[in-house]
Structures are given as structure tokens and as C-alpha cells.
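Build the full structure now, drawing on both the sequences and the hints.
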Amino acid sequence: MPDNKEKFEQLNQVIEELRDQPGALMPVMQRAQNIFGCVSLDVQKAIAEGLGVTLSEVYGVATFYSQFKLKPAGKYVISVCLGTACYVKGSQKVLDRLSEELKIPVGDTTDDGLFTLQATRCLGACGLAPVMTVNDEVYGRLVPDDVPGILAKYKE
Amino acid sequence: MENMINLTIDGVQVSVPAGSTVLEAARAANIHIPTLCYLKDVNQIGACRVCVVDVGARALQAACVYPVAEGMVVKTNTPAVRQARKTVVELLLSIHDRKCLSCPRNNNCELQDLCRDLGIEDDNRFAGGVNHYDIDDASPCVVRDNNKCVLCRRCVAACHNQQNVGVIGAVRRGFNTAIESPWGFKLAQTGCVNCGQCIVACPVGALREKDSIKPVEALLNSPKHVVVQPAPAVRAALGEEFGLPMGTSVTGKMVAALRRLGFDKVFDTDFGADLTILEEGTELVQRITNKGVLPMITSCSPGWIKYCETYNPDFLPNLSSCKSPHEMLGAVIKTYYAEKAGIDPKDIAVVSVMPCTAKKFESKRPELSNDGMQDVDEVITTRELARMIRAAGIDFANLPDEDFDSLLGESTGAGVIFGATGGVMEAALRFAYEAVTGKELEKVEFHEVRGLKGVKEAEIDLNGTKLNVAVAHGTGNAQQLLDSVRNGEKQYQFIEVMCCPGGCVTGGGQPIVKSDVRMSVNVSAERAKALYGEDEGKALRKSQDNEELKVLYKEYLGEPGSHKAHHLLHTTYVARDKYENIK
Numbered sequence: 333m334p335d336n337k338e339k340f341e342q343l344n345q346v347i348e349e350l351r352d353q354p355g356a357l358m359p360v361m362q363r364a365q366n367i368f369g370c371v372s373l374d375v376q377k378a379i380a381e382g383l384g385v386t387l388s389e390v391y392g393v394a395t396f397y398s399q400f401k402l403k404p405a406g407k408y409v410i411s412v413c414l415g416t417a418c419y420v421k422g423s424q425k426v427l428d429r430l431s432e433e434l435k436i437p438v439g440d441t442t443d444d445g446l447f448t449l450q451a452t453r454c455l456g457a458c459g460l461a462p463v464m465t466v467n468d469e470v471y472g473r474l475v476p477d478d479v480p481g482i483l484a485k486y487k488e
Numbered sequence: 016m017e018n019m020i021n022l023t024i025d026g027v028q029v030s031v032p033a034g035s036t037v038l039e040a041a042r043a044a045n046i047h048i049p050t051l052c053y054l055k056d057v058n059q060i061g062a063c064r065v066c067v068v069d070v071g072a073r074a075l076q077a078a079c080v081y082p083v084a085e086g087m088v089v090k091t092n093t094p095a096v097r098q099a100r101k102t103v104v105e106l107l108l109s110i111h112d113r114k115c116l117s118c119p120r121n122n123n124c125e126l127q128d129l130c131r132d133l134g135i136e137d138d139n140r141f142a143g144g145v146n147h148y149d150i151d152d153a154s155p156c157v158v159r160d161n162n163k164c165v166l167c168r169r170c171v172a173a174c175h176n177q178q179n180v181g182v183i184g185a186v187r188r189g190f191n192t193a194i195e196s197p198w199g200f201k202l203a204q205t206g207c208v209n210c211g212q213c214i215v216a217c218p219v220g221a222l223r224e225k226d227s228i229k230p231v232e233a234l235l236n237s238p239k240h241v242v243v244q245p246a247p248a249v250r251a252a253l254g255e256e257f258g259l260p261m262g263t264s265v266t267g268k269m270v271a272a273l274r275r276l277g278f279d280k281v282f283d284t285d286f287g288a289d290l291t292i293l294e295e296g297t298e299l300v301q302r303i304t305n306k307g308v309l310p311m312i313t314s315c316s317p318g319w320i321k322y323c324e325t326y327n328p329d330f331l332p333n334l335s336s337c338k339s340p341h342e343m344l345g346a347v348i349k350t351y352y353a354e355k356a357g358i359d360p361k362d363i364a365v366v367s368v369m370p371c372t373a374k375k376f377e378s379k380r381p382e383l384s385n386d387g388m389q390d391v392d393e394v395i396t397t398r399e400l401a402r403m404i405r406a407a408g409i410d411f412a413n414l415p416d417e418d419f420d421s422l423l424g425e426s427t428g429a430g431v432i433f434g435a436t437g438g439v440m441e442a443a444l445r446f447a448y449e450a451v452t453g454k455e456l457e458k459v460e461f462h463e464v465r466g467l468k469g470v471k472e473a474e475i476d477l478n479g480t481k482l483n484v485a486v487a488h489g490t491g492n493a494q495q496l497l498d499s500v501r502n503g504e505k506q507y508q509f510i511e512v513m514c515c516p517g518g519c520v521t522g523g524g525q526p527i528v529k530s531d532v533r534m535s536v537n538v539s540a541e542r543a544k545a546l547y548g549e550d551e552g553k554a555l556r557k558s559q560d561n562e563e564l565k566v567l568y569k570e571y572l573g574e575p576g577s578h579k580a581h582h583l584l585h586t587t588y589v590a591r592d593k594y595e596n597i598k
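Line by line, the protein sequences give chains A and B. Using this note's numbering, read the first sequence as starting at 333 and increasing by one per residue. Using this note's numbering, read the second sequence as starting at 16 and increasing by one per residue.
Some clues are possibly wrong.
Calculated pairs, DMTMM-like style, for lysine to aspartate or glutamate (alpha carbon to alpha carbon, straight line, at most 25 Å) [claimed, not checked]:
id	chain 1	residue 1	chain 2	residue 2
1	A	K403	B	D592
2	B	K55	A	E389
3	B	K593	A	E341
4	A	K377	B	D329
5	B	K593	B	D152
6	B	K379	B	D362
7	A	K425	A	D443
8	A	K401	B	E595
9	A	K377	A	E432
10	B	K593	B	D112
11	A	K435	B	D149
12	B	K201	B	D128
13	A	K337	B	D592
14	A	K337	A	D374
15	B	K593	A	D374
16	A	K377	B	D151
17	B	K553	B	E455
18	B	K565	B	D329
19	A	K403	B	D149
Okay, the calculated bits of chain A under chain B, using three or more residues with CB under 8 Å as the criterion [to be verified]:
id	segment
20	370-378
21	389-395
Bear in mind the hints are in silico, worked out from the structure with no lab data behind them. Glycine residues also receive a C-beta, built at the ideal position from the N, C-alpha and C atoms.
Structure below.
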């Protein structure tokens, strides 16, 4: 992937720098995620080769900690608030509907790279509960049936 | 004098070396602490909490990892300890696919043993959510059914630590944790070497060999002329499946059982082993004389071959070009024997009984064929043969001893010991000595290459010519050996590598020995004794003395390394990318 060549060079520098430190895997993966925005298969392979560990170790760590992303975030990141106020006002149903419409589980990104769906803690807009954001735009007082219309706005 | 630690376990005074665990100390005092994730020399991580004991600390401690201390008082049998163990097992059962009656490990399952010993009354006490996993049966060798997995990680330890392969691991976390290959890949898509050490490490039925019984039964019920050949190591372990003591050699009964199963001819892979020695020994002598690529490395073990192809492709020129013994014999059966018996080779099927799961993959390699026919058609493991014998209602323990069929059934002691680590080396040395010196070898035993040290080295004196050799078993040990050769630290002319720790006697297709037995018995050593005992009892102990083999060369192949021998008995290898099937 020629457009990523620079990023992989950066990653190799990080590996070079941290290789001899005990427990280098986690910090390398964190730095890799900062560089690439995620730890994709190719990134994980490069880390495994660079540190002399197996791909299954890297993948095991990547899937153990929710902070690591396996795919780059979508163009639009949808964050549904599951804070107390939003939750009692039914935000779980909104989240479920999003998951159903986008055909991805929470935490995943659609294959076209358009949407990432995630659950978040309190967004500080409890008066608008239930709340979600799409990138920087805030949507409040949601019901599940609002979901298709909101998604349609971003699909064109 | 070792530093000894004194402690009390259930009121019994015990003295054990410093550094021992409570579990080891208890075993020394004949006190049985149940275990699940523990597997001696493989996995000691205190993960499952089945072995918890009261050591006087605030919480119960896992005996398998808790070190002994002077004056420690351990209680292994209090109500709290017993309840804690029960709860652990009941929680495991709540997500376990409890179809025990149709499980390959029925009656040989460590989880069943725990339920029985701990007195589990309700296997559904913690009924609730269950994860459902697809069975991964895409590999030609290993099948994983995570619905039966207890997450003990014994397979992971065998794959990573013993074998240095590491294509499986724990993924995700909490309730969603599973043992899988990365990125959801099937095992067949990874750099798995098919050794099956994960299977023999598994306490339950989450891992098994890919079934080849059905295709073999189909062959037996077809008009084909079906020839069978069992590997050396099979006879050293098959008896265990029928209650015979470990280390009993059951060659004669095995032959009788194979005949009763309906095979038309019973030939011996040991004959193929003798044949391998003549070809491989000749190749070694030629490489030394003609300044060919050295060290030459043995090529009998298909797990090792795939390991070398995948992880050390720079050593491919070092691999002997010899096919493995059963493949050689398969090629000879479909040519020489077919001609002798007047049977069209297309009407012959060759079935190999192997201690090995990787042989299933090997038999399908396109390189191991001749005239569009695979040298070997099907491979069953020792365990599968035992299943076939049971299903046929054969009273194995009371069978008479029978002999292999002649033409390709004779073998020498050198062929027999192939099944133990160092055996191929020793057999080759028995040949090489006479080939190089032209003198008769008086003392045929080479004790330096026997035993279970991870890497064995020896300098062999061939009447003035020095031969530096090394033997490694387990690909983890093999990697260390290769690294020392690659960086120039060590120089050898000849190396034997066996994929599985202990060699074929403890291969991935052999009868499964439970963790508590493995704690007190050295399985590799016991089974190897059966082979070395058989070797000692043989009139002929050098491959070159095999009479039927002499006839094969005289009438058909010419001489070792001849053009015809090369065509039929030698092969090539391919470098593999460990991620080649991972997109």
C-alpha cells in the first residue's frame, strides 16, 4: 500500500525504539493506533514481525482491550449515549435500531467505511435525552423511528 | 544436597525440594488435588481454579502455581475448598456443550472425571446464556469445536511454547473469550503445521483429528485392493487403548486386528523406514563426498517439513529429498507390488496408520504422487484405528500374534526405532558406518542420540571420519538448533528433527494420556522402551540387512539413489508464507 508507506516507516521506527523494552507490545500497539487510526491486519502483521511475537498474540491483545480498533473509524462516527438519563429514556432501543439498520454490532464499522457505531457514557446533554452524536452534530429526544431519516442524511 | 522444604498437607508431613508447587508436594505425599488447566511441562498458569487449596491465606490458592514454604499448612479437602472447586466446574458446565455420549472424548475426558470426583449433582445449575461457535473442520488434520472448549489454554501453550508455532490464542474477553486463530481465520488458513499437539493437550473434546474412518471404510467396502501399513510408533501405544500397560509392544495383535478389519495386505511402514535409511544414508554420504549442502536434515516428519517450509525456508536445501517412510512404501506398493501381484495400480488403495495428524496433510501433497495417483490414499491415526477395532467388535487384548505379509513386510530393528526421537539418526548411523568404512558395525547402539533432552549432540567416529550430528524433537527445540546453525555457532553434517516432543511415540495422533498420568509417568520414555525393546529382540538390526529390501533393489530399484529410486522415493519442498492464506 504505497499511500501508507510513510506510516509503516513511522511504525518501524517505533518498533525499533521500543523493541528491547519488556512488555513492548502494548505501547507499540498504542503508538500504531495513533499513526494509523486503528490496528488493522497489515499493521498487526508488521508489529508481530517487528517484535518477533505471533500474530495471535497481537490479535489477542487487540481484541482484549476495547480501546484498540481493528478497522479505521468510519467517515461518520455515531455515538449513542448510554448514560443513566439517556438509558432510562430508551437510548438502548435507539442503539439497537442503529445496529439493525447499519447491519453491524456496536463497536464496528460498516463495510463501505461510512459509519462507525459506538456507545458512549454521558455526553452532558441529559436535558435532551436520549441523545446521540454523529461526528459533531447532536441529535436529542430520539425515538428509534428517527434513525432511518438521520442515517439517510449522511448516505448521499 | 538440594534445599528441602518441610510442610504439612492434610496432616501429612512432606519434604520437597524448594521451588516445588503445592500440587507437586501433594503428589509426592500421594494426595490427589484435582486439576484441569494444569499439564506438566506444558501449562502451569493457575487459570481454571479447580486445584484451589487452603494454605492459610485469606483466599484459596491455586496449588499448581503456589510455591511451597517452610512450615506451610495446606488443607486440600475442607468444605470451602470442595465447594469452590464444585462451583468452578458447574460454571464451566453452564457453557459446555454436554453431548458427552457422541463426543470423541467420551470416557476419556478430564471434565467428566472432575464431575464424577467432585460429585456434581446438577450439570445445569448455572443455566443461562451460551455462546454458539461454528466447528472449524477446514483443516485436513485438526478439528476445533469451541462449544466444548473449557478455555484451559493447554492447546495454546502446546502450540506457542512447545512447538513455537503459535497460531491459536485467546481472543476477546470475559464471556466472549474463545481460543481461535487471529482474525477469525480457520486453522487451515494459518501457519499451523498440523502436528496435533493441541489435540493431545486438550482435556476435553474441543480438539480432535479430522476423521478418516469413513473414507477408509468406504475403501474396504469397495472392490479396491486395500493395502494397509502401520508406522513404527503405532505398535508402541495402540495397546493403551485396550487397557494394556503403557510401553507394551502390540505388533502381532495389531497385524491380526488389521487383517480382521478386512485389509487385503498388511505391510509394514518399518520396511519403508529401512528403505528410507538406504536412500537417506546414501544421500548423506553423497552430500559429504560431493561437498553438497550440509547439514542434511531428515525429512520423515511432515509437521517438521511444514514448519521448515513456513518458518525457515532458507533451510529447504538442507532437507533430505527423501519422502517419508510411508510415502516411500506407498510408492513402492503402487509400482513394484502392483507389478508382482499383477494388479492395476489404479485398483490399489494404500491406507497408512500413523501416530500423526500431519500425515493426513502430507498424503494429499501433490508432490507425493506418481502417474496421477497419490502414493498414499488415506491416513488414519492410532486413535482412529482403535475406534475401528472397537466398532468391529474385535477383542484386541486376546488376539493372537500374526506376522506382516511378505514382500514388503520385513523390517530390521533400525526401522522400528524410527518412532522415538533419535531413532532415525541411530538407524542412519548404523548404515552410514558400514557405507563409509566398509567394515561391519559391531555395536549397533548409539546411546548418545537416545533420550529426551531437547537437543542432543554427538560426534560419531566412523573409523577415523568424524561425523557431527544433532537431534531435536519438538519444533521449539528445532528452532533453537536451526538458529545456532544459522548464526554459525554450531556446525553439523547431519541433523534429525521430529516435529513432536518425544518423537512419533508421542505424536499428535497417539492415544491421549490424561494430565494426572502425565504428571507421574514419562509417556515418551515408556513408549520408546517398547520400540528399543523390539529392536533388541530383532535378529537383524541394520536396514541394509533387510532381505526383502535387498530383493526390492535387486529386482526393481537398482541401487540406492538410482534414477528409478529418485523418481519414486524422493520429493521436493515449497517455501510457504505463514500468512499465505490470510487475506
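_Index of numbered hints that the structure contradicts, given in increasing order_ = 9, 10, 12 and 18
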